[in-house]
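Q: Chain by chain, the residues run as shown.
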Amino acid sequence: MTETRGFGAVFFPLGVLATFSIIVIAPLAAACWPEEGSLWNALPTLIGSGSTWKLMGSSLIIATGASLGATLLGAPAGHALRYVSPRVRGILLAGLFIPMAAPAHVMAVAWIELVGHGGLLASWIEIPFYNRAGVIFVLSCVYFPIPLFATLAASRRIPPALEEAARLHTGWIRAFLGVTVPLAATSTLAGGICVLLLTLLSFSIPSLFQVPVYTSEIYERFSATHDAAGAAAAGLCLLAFVSLIATIAVRRLRRHMGQLQHTPACMEPRQASRGAICLASTYCLALWAFTTMLPLLAVAVRALPPAACVAAWRTARGEIMCSLAVSVSVATGGIVLAFLLARIRGGMLPLLSAAAFCVSGPVLGVGLIRFWNHDGLRGMVYDGLAILVVAGMARHLVFPHLGLSIASSQLPACLEEAAAVHGVSKWRRTLCVVLPLLAPTLVLWWSLLFMLAWGELDASVLVAPPGWTPVSVRLFSLMHYGPSSMVAALSLVSTLFALGGAGGGFLAYRLLRRQVYG
Amino acid sequence: MGDSLLAVEVEGLAKSFGPKRILHEVRFSVPAGKLMAITGPSGSGKTTLLRAVAGLEPIDAGHIHIGGRSVSRPGFRVPPEKRGIAMTFQEGALWPHMTAEKHLRFVLRAHRLSVPETETRIRHVLEVVDLADRGTARPHELSGGEQQRLGIARALCVDAPLLLMDEPFAHLDEARTVRILTEIKERVCAGRSTVLLATHNETLLDADLVSRMGNACGNES
Amino acid sequence: MGWTRILLVIALTSLLAGCLPGKPEVVVYTSLDEMYSQPILDDFTASTGILVKAVYDTEAAKTTGLVTRLIEEKDRPRADVFWNNEVVQTIVLKGKGVLQAHPSQAAKPFPDHFKDPQGFWTGFAARGRVIIYNTNLVTTPPTSIQAFLDPQWKGKAAMARPIFGTTATEAATLFALWGEEKARAFFEGIKTNGVAVLAGNASVRDAVARGDYAFGWTDTDDANGAVEDGLPVKWLFPDQDGIGTLIIPNTVSMVAGAPHPEAGRELIDYLLSPAVEAKLANLRSLQIPLNPNVQTPERVPKLSGVKTIDLPFEAAADQMEHAMTVLREVFSS
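Protein chains in written order, with the numbering used here: chain A, 15 to 532; chain B, 2 to 222; chain C, 20 to 352.
Rather than coming from a laboratory, the hints here were simulated on the basis of the structure.
Just so it is clear, CB atoms sit at the ideal spot from N, CA and C, and this is done for glycine as well.
Any given hint could turn out to be false.
[Unchecked claim] As a list, the in silico DSS-like pairs of lysine-lysine whose alpha-carbon atoms are at most 25 angstroms apart:
(1) A:K440 <-> B:K83
(2) C:K210 <-> A:K68
(3) C:K253 <-> C:K127
(4) B:K83 <-> B:K103
(5) B:K35 <-> B:K186
(6) C:K253 <-> C:K298
(7) A:K440 <-> B:K103
(8) C:K321 <-> C:K298
[Unchecked claim] Per label pair, the in silico range of CB-to-CB distance:
(9) A:Y531 <-> B:R180: 29 to 39 angstroms
(10) A:P142 <-> C:E200: 43 to 53 angstroms
(11) C:Q57 <-> A:W138: 31 to 41 angstroms
(12) A:I36 <-> C:E348: 58 to 68 angstroms
(13) B:P75 <-> A:I358: 46 to 56 angstroms
(14) A:R527 <-> B:R180: 30 to 40 angstroms
(15) B:G69 <-> A:M394: 50 to 60 angstroms
(16) A:I358 <-> B:S144: 34 to 44 angstroms
(17) B:P117 <-> A:R527: 27 to 37 angstroms
Working from the sequences, and respecting the hints, build out all of it.
A: And the structure:
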């Protein structure tokens, strides 16, 4: 449609698209289109290889197990939290979010410190931990907050009257199982599928447990035989597989998602019985103690005496500062770009953002080198700390991009229209209407992006500029030769920073939400 | 095409959402300084018609002229902010982060009024809609009726030549409705505004023109 | 002050800072563990005033991460010097045109076997591939790598995944020495005999020290660390009556098109100095000096006292890519 459009209306989307292309599409294309078309030669070999399918099978077993485990742990907690008082719920939610806020490799170290060889419990019980079951267990404990939040969000949309109507004819257990659980099931399932996709892509935890998975195939092709084309081909296969699962899941789930769509987001159930509240609180506390406090306590014990933490801080002060600067920049830059992308509503763009995440870190890292390591402006970015910011943004942009696109589309259109019909320009509408209304969501995604950037390892390790080392890279190095107390202390310090960012963001979100929506 | 004495002229307007035809061959014209009521049952297309005139919906056929200027035709649409209009929304469309006064100040800033003029208008309009003591309240602190009055105040304060009102009195008591209607009619009589008012209840109105929208999606004037 | 002015001041300051002559610097990519390499690089800065900017490898990407990065950066290198903790990947880089010759005077005393005839790389401070065994579990330790195939030790031995680090170097050497058929049969035999394949040489050391396995295949630096920590382990050079032990030197090389060639050459000469070899020999890593002029400490084995595998490293480098493809196949199934 040809409308009368000003200079800004034409060039603003172009500018946003150009920025997105430079940060996400160009490195992705550079990685996937190696010289001499070798990618296309590598694909048939890869698909025809038996080991490819075996590793994919292994990944799928682990991902399915972790998805089931995370759902079995998280979904009951999601339902339970609905019955807890709002204040206690906030505290429990913050506590239960910790396993996801801490970098994944730190949680793996924590579990190894607890039940691995030489771990705190190793002298009491012998658990065969370095196998698929171990990986599934740790991944379940790391990702259970996703089905938890999904279930909680859905269960809070269920009108209390639906349960009450069932209670007139049956006991609360049957009412809960017959009405509440099925109504929230679609959302719980969506959370479980998210876990499935994330665990299919996970590399650091299986590699720490020495369990071969498909992502290690990508990594080995790239690092053992310097076969960048083979690694890119393997990355594309993974991308296709993940996209297939995601597409099937979205198509299947969309049909059922509508049933709670038109109810308000926060419906408190009527007063639950003391027994129900007690049971719900006990389960959440037990889950928090088991999945969060126990492993982190093991790290803390290993990090003793406290001087080890001070020593870790002193040794890695430079790296922590580097990570802090990079993570803040990634979060800020990523949020600005994601917000602008959400404003121009590019239909296929989130898929490209997702592709940059799915092709695996080393493949994206190679693409970043190929695109940015040139003379001129690109070289200036590549030679400095900015390349780590670009790497973090390229790898994790998908999360705020999708999140803000959804949040933006859920904002009632009439709010912006009301400003437009009263003569308010598009810029002022964006600044004074859309931005303040999305501010709580922006802050929430900022903190999530900060957390992801803090733990980023796979792409950063390939492009870290000389003289700068992010703390995640340093930690991975120390795991090899450093004393375990130092590794534990640095893991603890690293977790505290990640939690600081996430916690600060969460508090700011609550504050802003209250300010904006009352 | 457009007569300069006509504030709004709609010719052969058609609009569909997917296979569902909402408006078909709608035509009417409103001379400047008149109040036209658009009536009809729910789902007859009153809101869609107002949104099309406001430039919030592209149209499939026909054309719309405002003040003699072509503003909408298939493939062409002047953006709403450049049409010189004001509008009240059925659903309120109030900004949850702004106080009542800030709502008005925000839209008045777009019209580049001086600060004293802005403040005078805010005070006057809030008095008209009986919200003078609620200026610092935010939408969630207002009742349903107060919210609707704030929406009306926002539309009135900019003093636009064309005022579009979508079910503006649905939640108001009769006394307040009469008071606000009086203010609107004063503006119309003074030739400051032309009003298109969509309502399913025309009993309170003493409109200059009435356009009835039927289920056949067309209209009769 | 308005935002425009503030931005202008920042831009001008950055521009001026960029134009001012900076401190001389050198960029080194090193795969030697940071705890050993950093003090030496700090000493270099202290003695020359040249700032060293280092990129270290992580254990997860051992050596190969940096090698891939050097290959990808070939058209616009950022590194001046590559200090590798092994040799075969360095030769691979030479083959890909990533390195340039630097026939250093400091390389003269080193044995010919451990340096490139054209001066593309020089080996120094070597490690041996050794058998580490748990003294609580083993009374008569195995003296050959053939013990990994011995049914007597089924499920009782461990090694690192042979596609990374020095284990990959040794695997490529065996492929060159024995030919593909015999080497493949050897590694398949290892797998059949239940040898545990762990993440790295340090994991092998830890597992043997804990008693999870009776013996394992690792490097002298890892093995000596465990001995110095008082753990119940000993180590020995295998196959002293047979093919010999693989001795793997650190290698230092100049990157082609290095942005700071002068400083790079200075760093290479420094790393090849007797002082550095002596320092590396005295550390926990127990690196064997290759320069005959360096006084070898008592605790460090002398190169002359070890029977080494008699094969040029280039032959192993030629086999590297193929060997890795075969071994990935063997160990992924």
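Q: Hint by hint, note whether the structure agrees.
A: Hints versus structure:
Taken as a hint, the A:K440 and B:K83 pair is honoured in the structure, with Cα atoms around 11 angstroms apart against an allowance of 25 angstroms. With a C-alpha separation of about 17 angstroms, the suggested pair C:K210 and A:K68 falls inside the 25 angstroms cut-off, and the hint holds. Proposed proximity of C:K253 and C:K127 is contradicted: the alpha carbons are some 35 angstroms apart, above 25 angstroms. A hinted pair counts as satisfied when its Cα atoms are at most 25 angstroms apart, and B:K83 with B:K103 qualifies at roughly 22 angstroms.
For the proposed pair B:K35 and B:K186, the alpha carbon gap of about 9 angstroms is at most 25 angstroms, so the pair holds. Of the supplied pair hints, the one linking C:K253 and C:K298 holds, its CA atoms being roughly 23 angstroms apart against a limit of 25 angstroms. Among the hinted pairs, A:K440 with B:K103 is consistent with the structure: their alpha-carbon atoms are about 18 angstroms apart, no more than 25 angstroms. At most 25 angstroms may separate the alpha-carbon atoms for a hinted pair to count; C:K321 and C:K298 meet this at roughly 15 angstroms.
A hinted range of 29 to 39 angstroms for the beta carbons of A:Y531 and B:R180 is consistent with their spacing of about 31 angstroms. Between A:P142 and C:E200 the beta carbons are some 35 angstroms apart, a value that contradicts the proposed interval 43 to 53 angstroms. The hint said 31 to 41 angstroms for the Cβ distance between C:Q57 and A:W138, and at roughly 39 angstroms that hint holds. Checking the proposed 58 to 68 angstroms range against A:I36 and C:E348 shows it is violated: the Cβ atoms sit about 39 angstroms from each other.
The supplied range of 46 to 56 angstroms is broken by B:P75 and A:I358, whose beta-carbon atoms lie about 24 angstroms from each other. Distance hint check for A:R527 and B:R180: the Cβ-Cβ separation is about 37 angstroms, which falls inside the suggested range of 30 to 40 angstroms. The hinted range of 50 to 60 angstroms is satisfied by B:G69 and A:M394, whose Cβ atoms lie roughly 55 angstroms apart. The hinted range of 34 to 44 angstroms is satisfied by A:I358 and B:S144, whose Cβ atoms lie roughly 38 angstroms apart.
The hinted window of 27 to 37 angstroms between B:P117 and A:R527 holds, with their beta carbons roughly 36 angstroms apart.
In this structure, the earlier hints numbered 3, 10, 12 and 13 are contradicted, and the remaining ones agree with it.
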